[in-house]
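Visitor: The lines below spell out each chain.
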Amino acid sequence: MPSISLTNPLNITELRFNSISTQKLGGTIESLDAFPNLEEFYIIDHELTGSIPDISGNTNIGNLHCQKNQLTGNIPGLSSNTVLEKFNCFKNNLTGSIPDLSNNTLLERFNCYENQLTGNIPGLSSNTDLTQFLCYDNNLTGSIPDLSSNTALEKFNCSENQLTGNIPGLSSNTALVGFKCHDNSLTGNIPNLSSNTNLTQFHCFNNNLTGYAGGSVSSTLLSFLAFDNILSSSTVNSILAAFVAAGASGGTLLLGGSNAAPTGQGITDKATLSSRGWTVVTS
Amino acid sequence: MTIQKITDVDNIETTQEQWWIIYNDETKTVLLGPLQCSGYTSSPHVMVIGDTEKELLTYIEENDLIILIDYEDEL
Numbered sequence: 001m002p003s004i005s006l007t008n009p010l011n012i013t014e015l016r017f018n019s020i021s022t023q024k025l026g027g028t029i030e031s032l033d034a035f036p037n038l039e040e041f042y043i044i045d046h047e048l049t050g051s052i053p054d055i056s057g058n059t060n061i062g063n064l065h066c067q068k069n070q071l072t073g074n075i076p077g078l079s080s081n082t083v084l085e086k087f088n089c090f091k092n093n094l095t096g097s098i099p100d101l102s103n104n105t106l107l108e109r110f111n112c113y114e115n116q117l118t119g120n121i122p123g124l125s126s127n128t129d130l131t132q133f134l135c136y137d138n139n140l141t142g143s144i145p146d147l148s149s150n151t152a153l154e155k156f157n158c159s160e161n162q163l164t165g166n167i168p169g170l171s172s173n174t175a176l177v178g179f180k181c182h183d184n185s186l187t188g189n190i191p192n193l194s195s196n197t198n199l200t201q202f203h204c205f206n207n208n209l210t211g212y213a214g215g216s217v218s219s220t221l222l223s224f225l226a227f228d229n230i231l232s233s234s235t236v237n238s239i240l241a242a243f244v245a246a247g248a249s250g251g252t253l254l255l256g257g258s259n260a261a262p263t264g265q266g267i268t269d270k271a272t273l274s275s276r277g278w279t280v281v282t283s
Numbered sequence: 001m002t003i004q005k006i007t008d009v010d011n012i013e014t015t016q017e018q019w020w021i022i023y024n025d026e027t028k029t030v031l032l033g034p035l036q037c038s039g040y041t042s043s044p045h046v047m048v049i050g051d052t053e054k055e056l057l058t059y060i061e062e063n064d065l066i067i068l069i070d071y072e073d074e075l
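Sequence order for the protein chains is Y and L. Per the numbering used here, numbering through the first sequence is continuous, rising by one, with the last residue being 283. Per the numbering used here, numbering through the second sequence is continuous, rising by one, with the last residue being 75.
It is worth saying that the hints were derived from the structure and are not from the lab. The beta-carbon is built from N, C-alpha and C at its ideal position, and this holds for glycine as well. Take the hints with a grain of salt, since some may be wrong.
Said to hold, decoys possible - Label pairs and their in silico Cβ distance ranges:
1) Y:Leu25 <-> L:Ile69: 24 to 30 Å
2) Y:Phe17 <-> L:Asp25: 39 to 45 Å
3) L:Asn11 <-> Y:Ser97: 42 to 48 Å
4) L:Glu13 <-> Y:Thr118: 35 to 41 Å
5) Y:Gly264 <-> L:Lys54: 37 to 43 Å
What the hints assert, rightly or not - 25 Å max Cα-Cα, derived DMTMM-like pairs, lysine to aspartate or glutamate:
6) Y:Lys86 <-> Y:Asp129
7) L:Lys54 <-> Y:Glu14
8) L:Lys54 <-> Y:Asp129
Modelling step: build the complete structure from the supplied sequences, incorporating the hints.
Guide: Structure, rendered in structure tokens:
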């Protein structure tokens, strides 16, 4: 495949290569150095190979979208891209670690799911505008970072990795709509979710979680999947009681698999939820 | 191939090896699965149990059920 040589006689600030099913671009992107004022770069759903070019000179770039290609190699350093808002490179073959994001203080979306990324999730405490962090289906290790500064966070998905440690506290993440960390090796408690009044989905199944920090759950939370953990009967009972107290109807609550079975009031609470139109699974 | 369609889903037992889905019969929307989760399931919707994920994906296709996809392709 040839490389794509880009020149910029008109000082273009936005590059978009729209994909038409029969006309996909191949080859590699050698450099974006010809576009020092580039603000937006879209090259989505083509057949690009090679690595994402160095963008350290593209200090005005706000949006970079290279998803659905066949890109390999590491994600380049992003520390110079201080106005970067959206970085989407999902569904490629990227390797290496997620770069330091501490200078990307305007970052809103970082979506690199379905790659082969390794290493830790970097600290996200500087990314106070972050609304979406989706890095599921990679080979990430280490723990989920502290998210207490990410008060704008709406969607966080780091499922299908090899993460260990605890799920961090989510009491500051009041905008959170979806939190997914399933299919990892997480331990400790399911956090208190009483502050997450917009939460609709919480999926932590297939980990090694042993407890529930307690507290109420929002009536918006209609998909809670925590099966295949190591939850005791009393923990399962507590979760069922929290959902009964929330008073919502028509949700999904999966607590089966390797968890213990509910007992006593827990069995009654399961029946109560069923009568409210919930789909409930327990051991 | 052993597909079971259950319309009265009242503490239906599934094993760790079985795959299943839950779908809304009115909207023909798959609400859950295909997945493996052992235990006892109660639901107001329809449950379909099979031996493999492929069996259930075939069932979904042949019965024109809709799988909702979230998080995909967001800019």
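Visitor: Does each hint hold? Answer for all of them.
Guide: Against the structure, the hints:
1. Distance hint check for Leu25 of chain Y and Ile69 of chain L: the Cβ-Cβ separation is about 26 Å, which falls inside the suggested range of 24 to 30 Å.
2. Phe17 of chain Y and Asp25 of chain L have their C-beta atoms about 44 Å apart, which keeps the hinted 39 to 45 Å range intact.
3. Evaluation of the 42 to 48 Å hint for Asn11 of chain L and Ser97 of chain Y yields a pass: the beta carbon distance comes to about 46 Å.
4. Glu13 of chain L and Thr118 of chain Y have their C-beta atoms about 40 Å apart, which keeps the hinted 35 to 41 Å range intact.
5. Separated by about 40 Å at the C-beta atoms, Gly264 of chain Y and Lys54 of chain L satisfy the suggested range of 37 to 43 Å.
6. At roughly 11 Å between alpha-carbon atoms, Lys86 of chain Y and Asp129 of chain Y fall within 25 Å of each other, so this suggested pair holds.
7. Simply put, Lys54 of chain L and Glu14 of chain Y have alpha-carbon atoms about 43 Å apart, too far for the 25 Å limit, and the pair is violated.
8. A distance of roughly 41 Å separates the Cα atoms of Lys54 of chain L and Asp129 of chain Y; the hinted pair therefore is violated under the 25 Å criterion.
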